[in-house]
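Trainee: With the sequences and hints as input, model every part of the structure.
Protein chains: 2
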Amino acid sequence: MSWCKNVKGVLLDITGVLFESGASEPIKGSIEAIKRLKDSKIPVRFCTNETTKTRQKLLQKLHSIGFSMKEDDVFPPIPACCQILKSRGLRPHLVVNPDALSDFCEINQENPNCVVLGDATDNFSYQNLNKAFQLLMSLETPVLFALGGGKYYKEGSDLILDVGPFAKALEYACDVEAEIVGKPSKSFFGAVLQDLGQPAESVVMIGDDIVNDVGGAQSCGMRGVQVRTGKYRPSDENHPTVKADGYVDNLAHAIDLILQS
Amino acid sequence: MSWCKNVKGVLLDITGVLFESGASEPIKGSIEAIKRLKDSKIPVRFCTNETTKTRQKLLQKLHSIGFSMKEDDVFPPIPACCQILKSRGLRPHLVVNPDALSDFCEINQENPNCVVLGDATDNFSYQNLNKAFQLLMSLETPVLFALGGGKYYKEGSDLILDVGPFAKALEYACDVEAEIVGKPSKSFFGAVLQDLGQPAESVVMIGDDIVNDVGGAQSCGMRGVQVRTGKYRPSDENHPTVKADGYVDNLAHAIDLILQS
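Line by line, the protein sequences are chains Z and E. The opening residue of the first sequence carries number 1 in UniProt numbering; numbering runs sequentially from there. The opening residue of the second sequence carries number 1 in UniProt numbering; numbering runs sequentially from there.
Mixed in with the good hints there might be a few duds.
Just so you know, same-sequence chains aren't split out, so a pair can sit in one copy or run between any two.
Unchecked claim - Straight line, CA to CA, 30 Å or less: simulated DSSO-like cross-link-like pairs of lysine-lysine:
#1 K154 x K131
#2 K53 x K131
#3 K131 x K57
#4 K86 x K61
#5 K61 x K131
#6 K41 x K28
#7 K5 x K53
Hints were generated in silico from the structure; no laboratory data involved. Bear in mind the structure is a predicted one, so any value in this text is a computation, not a measurement.
Mentor: Printed below as a string of structure tokens:
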């Protein structure tokens with residue numbers, strides 16, 4: 001069990017780790033686990049691909065079910081994307097969830113010259129995908145951002161398509177490669193690590209997504225641990241390309257092992 | 001101009017070659033071109049990825065605008081797919097255009113054990129894609145058929161997403177490779193060639209899709225010629241992976257060159 005030794009920082013996925021998607025209560029033991037981690041002075045950051053709501057609303061939800069993290073410790077893709085858009089002078093055509101729109105309110109969206117794809121859920125309509133496709137085809141240099149690379153997540157008992165497959169559809173249609181903002185992008189993890197102030201090799205990422213959480217963290221030099229909550233499926237433990245440094249029943253189990261080491 | 005010499009058989013794409021998608025009249029000169037080809041005893045077959053209507057309705061449309069081909073000479077993907085489903089005992093969950101549904105009426109669709117994706121247009125909803133995704137994820141051996149591999153087609157002045165991008169989305173989400181029934185599948189072209197009764201090297205495929213028509217035909221040993229009608233775009237002549245044996249203004253131009261050689 002070497003993954004839990006000498007841990008000097010922890011990154012936590014949110015949905016599927018702190019609470020189950022669609023549920024209104026925390027996963028058992030997760031609130032106390034984060035408290036124990038903080039009491040032991042190990043810094044924590046929350047690293048999420050959540051784009052179905054604003055960062056404010058996500059934080060409100062977390063606080064309403066008993067968590068107490070600060071806004072600055074929560075890293076979703078949209079603020080990172082807005083920074084990129086501003087710095088490169090890009091004006092997005094947005095295919096995102098209506099509940100996330102206000103996080104883009106300071107971004108000029110007139111005469112768009114790129115497409116930003118979030119977890120748009122019902123907004124992933126044939127009509128909206130065609131609009132994004134037609135814009136990309138009209139640009140001399142098409143630019144497509146995907147807010148995360150997730151394949152699917154779990155809501156209630158159902159697996160639900162995430163933004164990744166829709167990004168692949170547009171990549172194929174337009175012969176373009178999406179720039180991922182969010183997990184598993186190295187620059188996204190890098191920004192969170194910099195804020196954490198610990199070197200990658202001393203940090204453990206804990207998540208329910210074998211590819212984007214575990215594999216993504218490992219690609220950045222961190223340890224990656226998968227929880228058996230959220231969208232975890234037993235077949236993940238035999239994943240063809242990613243082998244987690246550890247598998248744990250849930251967040252509380254992971255934190256116990258880290259604090260005992 | 002060596003592509004037009006010694007042609008002993010011709011395969012023709014339909015939409016974008018005989019008529020423009022959404023239009024109610026033939027592309028100028030195409031009816032007469034096919035007549036000239038028949039008069040010169042060069043056999044012709046029609047090789048289409050059209051899945052937005054039944055073969056009967058497609059034929060009715062062709063006849064109504066002045067063409068006179070026989071039903072047996074038209075090869076769309078759905079009849080080929082039904083043969084495969086029957087021979088392998090597969091029961092499809094269909095994500096197809098409502099207007100094409102009746103071509104599947106003899107296929108058992110209870111308790112589905114595979115997914116068939118056609119050009120479903122508005123039926124490519126988030127909800128329908130999730131249903132197909134969930135079925136594939138529930139199968140021990142997920143089987144996904146895509147009726148053609150097209151990226152897009154042209155309707156009026158708009159480029160519109162075809163079935164290919166949606167197949168890519170499900171392939172990525174489920175870690176599965178779609179079996180393509182239709183162009184550019186080798187077995188699909190092979191069946192048409194067999195019916196034509198000429199060896200691939202004596203046959204020219206004429207289409208508006210640089211990858212699926214031209215590239216697909218070339219992969220089977222045929223010559224592939226692109227018309228500058230339908231979804232043709234000037235950038236197709238500098239396509240990164242496919243170089244057509246010839247580019248022609250339209251079908252009539254291609255047939256003139258073949259008959260003059």
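Trainee: Sort out which numbered hints this structure fails and list those numbers smallest first.
Mentor: When the structure is compared with the hints, only number 7 turns out to be violated.
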